[in-house]
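> Below are the chains, spelled out letter by letter.
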Amino acid sequence: MFKRIFQLFLLTFALSAGAQANVAKTPDTLVKEVTEEVLNTLRTDAAIKAGDKKRAAELVETQVIPHFNFSRMTQLAMGREWTNASDEQKGQLITEFRTLLVRTYSNALTSYKNETVEFDPFRMAPEQTDVTVKTKVVRAGGRPIPIDYALEKNGEGWKVYDVSVAGVSLVTNYRETFAAEIRAGGVDGLVKSLRLKNSPPAAAAK
Amino acid sequence: MTDTKKQTSNIRPVLVAAIAATLMTGCATSGNPKDPIEGFNRAVFSFNETVDKALIKPVAQGYDYITPTPVQTGVSNFFGNIADLWIGFNNLIQGKPGEALSDVGRVVINTTIGIVGLFDVATGMGLEKHEEDFGQTLGRWGVGDGAYVVLPIIGPRTLRDTGGFLVDVWIDPVANHDPVSVRNSALALRAIDMRADFLKAESAIEAAALDKYAYVRDAYLQRRRSLIYDGNAPRESPFAQLAPSENLMNMLPIEATWRFMLVGTPATMGVDVMNSQRSTELAVASN
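So the sequence lines, in the order shown, correspond to chains A and B.
Residue 41 in this note's numbering sits at position 41 of the first sequence, and the numbers go up by one each step.
Residue 52 in this note's numbering sits at position 52 of the second sequence, and the numbers go up by one each step.
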């Protein structure tokens, strides 16, 4: 009995320490740790290596997603259209956009082939709440690909709100498409298109 | 701030504006100011996709399948080495003598120690590979994007980058090589090697895009913007999307480059201008 309570104590301590560490963590160490975690899994997980997209999505869901701020991302992708959406529409947009990004990201992970990641030197002022952490994916037989993470500090610590690959923001790249969809069918039209894209067999088969 | 305005208003290339205006009156479709000839572009885009699917992509896949990775790296390095001299020259006329010198150093090292460029030893020695072309130089000099165009087979460009591309081809040592038979094989090999390099990114685009045409277009425009700023482009305002196409003309004054070339004053002054430009953008965004 005592033993169990003692264990609970330890566990609680460990958890709160973990939570604290997370808040105090600098954005570059956060990116570094998450990247290394993901790379480790990619190197060891046979299912993902064999192209199992479900496993890759699980990995993204558990290791990556908690560090992303999807409402901020959706807002960025919507640009000025964001203010024209109702709260309900905003919720739907966040859900669908999240699904789309997670799927895109997990797809990319299944094509992993021994790439390594390098981290550019990082500097920030202590009062900064919006930073960019620059990394490079180094691969055999091709030029390194720069990947930049934009992070913002909120109550829960640092959250990624944008990812740029070779200078292309995966979030704002949707802005014109979203605007065109909204011009054609309103915000509901955009939600519908996103749902269609996200529904499993449709466009994904190729 | 007013200084920057004054400098740039003189150098706006009237020609590009005139061509853009002509095209704009042609066939406006969805009203995207960056893409005034969208209807035409979509047609060429789908033509390119068809040709790619039927011919170019299968060849690239075959090449990727039968060629061992070290050989592919060697091929990329070989053509990369040939390109480095022109890249260095572009860095020089963009007012970046340090980068230009590093590019020349790369060519010297890779051509000798790297055995005619097959091995990129210079990168390991700290001389990073740069990516420059004449379109970027024009952008750096203050020429705006102009309309987005999809060229047959060649693919996405802006009007400015089409002009830059023509100069690149005119200079290109591979395209100017004699005899023609060697030239043609070399051009084909280079193109296939580049296409093979892009195979992975492509499936990611398929997964991500709601509208592949628009996704590729916007990625191209973002990529070029990033390249012109050498990877440090200021963040775009979230409300910029419907504003007239972003004005790269105001980016860096052509004077910095000229001053460097004539007087030898380091062109680092461009940084100040970039910062003041950024604060202008912020001011506009907060309005």
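One or more hints might be untrue.
Which residues of chain A face chain B? A partial, calculated answer using Cβ under 7 Å [unchecked claim]: (1) T104; (2) A108; (3) G142; (4) V168; (5) N173; (6) E176; (7) T177; (8) G185; (9) G189; (10) S193; (11) K197; (12) N198; (13) S199.
No farther apart than 20 Å at their CA atoms in a straight line, the calculated lysine-lysine pairs in the PhoX-like style are these [claimed, not checked]: (14) B:K200 <-> A:K53; (15) B:K212 <-> A:K113; (16) A:K192 <-> A:K90; (17) A:K192 <-> B:K200; (18) B:K200 <-> A:K49; (19) B:K129 <-> A:K134; (20) B:K212 <-> A:K197; (21) A:K32 <-> A:K153; (22) A:K90 <-> A:K197; (23) A:K136 <-> B:K129; (24) B:K200 <-> B:K212; (25) A:K136 <-> B:K200.
If you are wondering where the hints come from, they were derived from the structure by calculation, not from laboratory data.
A virtual CB, placed ideally from N, CA and C, is assigned to each residue, including glycine.
> All hints, please: hold or fail.
Tested hints:
{"no.": "1", "hint": "T104", "result": "holds (4 Å)"}
{"no.": "2", "hint": "A108", "result": "holds (5 Å)"}
{"no.": "3", "hint": "G142", "result": "holds (5 Å)"}
{"no.": "4", "hint": "V168", "result": "holds (5 Å)"}
{"no.": "5", "hint": "N173", "result": "holds (5 Å)"}
{"no.": "6", "hint": "E176", "result": "holds (5 Å)"}
{"no.": "7", "hint": "T177", "result": "holds (5 Å)"}
{"no.": "8", "hint": "G185", "result": "violated (12 Å)"}
{"no.": "9", "hint": "G189", "result": "violated (11 Å)"}
{"no.": "10", "hint": "S193", "result": "holds (6 Å)"}
{"no.": "11", "hint": "K197", "result": "holds (6 Å)"}
{"no.": "12", "hint": "N198", "result": "violated (10 Å)"}
{"no.": "13", "hint": "S199", "result": "violated (13 Å)"}
{"no.": "14", "hint": "B:K200 <-> A:K53", "result": "holds (15 Å)"}
{"no.": "15", "hint": "B:K212 <-> A:K113", "result": "violated (26 Å)"}
{"no.": "16", "hint": "A:K192 <-> A:K90", "result": "holds (13 Å)"}
{"no.": "17", "hint": "A:K192 <-> B:K200", "result": "violated (28 Å)"}
{"no.": "18", "hint": "B:K200 <-> A:K49", "result": "holds (15 Å)"}
{"no.": "19", "hint": "B:K129 <-> A:K134", "result": "holds (17 Å)"}
{"no.": "20", "hint": "B:K212 <-> A:K197", "result": "holds (12 Å)"}
{"no.": "21", "hint": "A:K32 <-> A:K153", "result": "holds (17 Å)"}
{"no.": "22", "hint": "A:K90 <-> A:K197", "result": "holds (18 Å)"}
{"no.": "23", "hint": "A:K136 <-> B:K129", "result": "holds (13 Å)"}
{"no.": "24", "hint": "B:K200 <-> B:K212", "result": "holds (16 Å)"}
{"no.": "25", "hint": "A:K136 <-> B:K200", "result": "holds (16 Å)"}
In this structure, the hints that do not hold are numbers 8, 9, 12, 13, 15, 17, in rising order.
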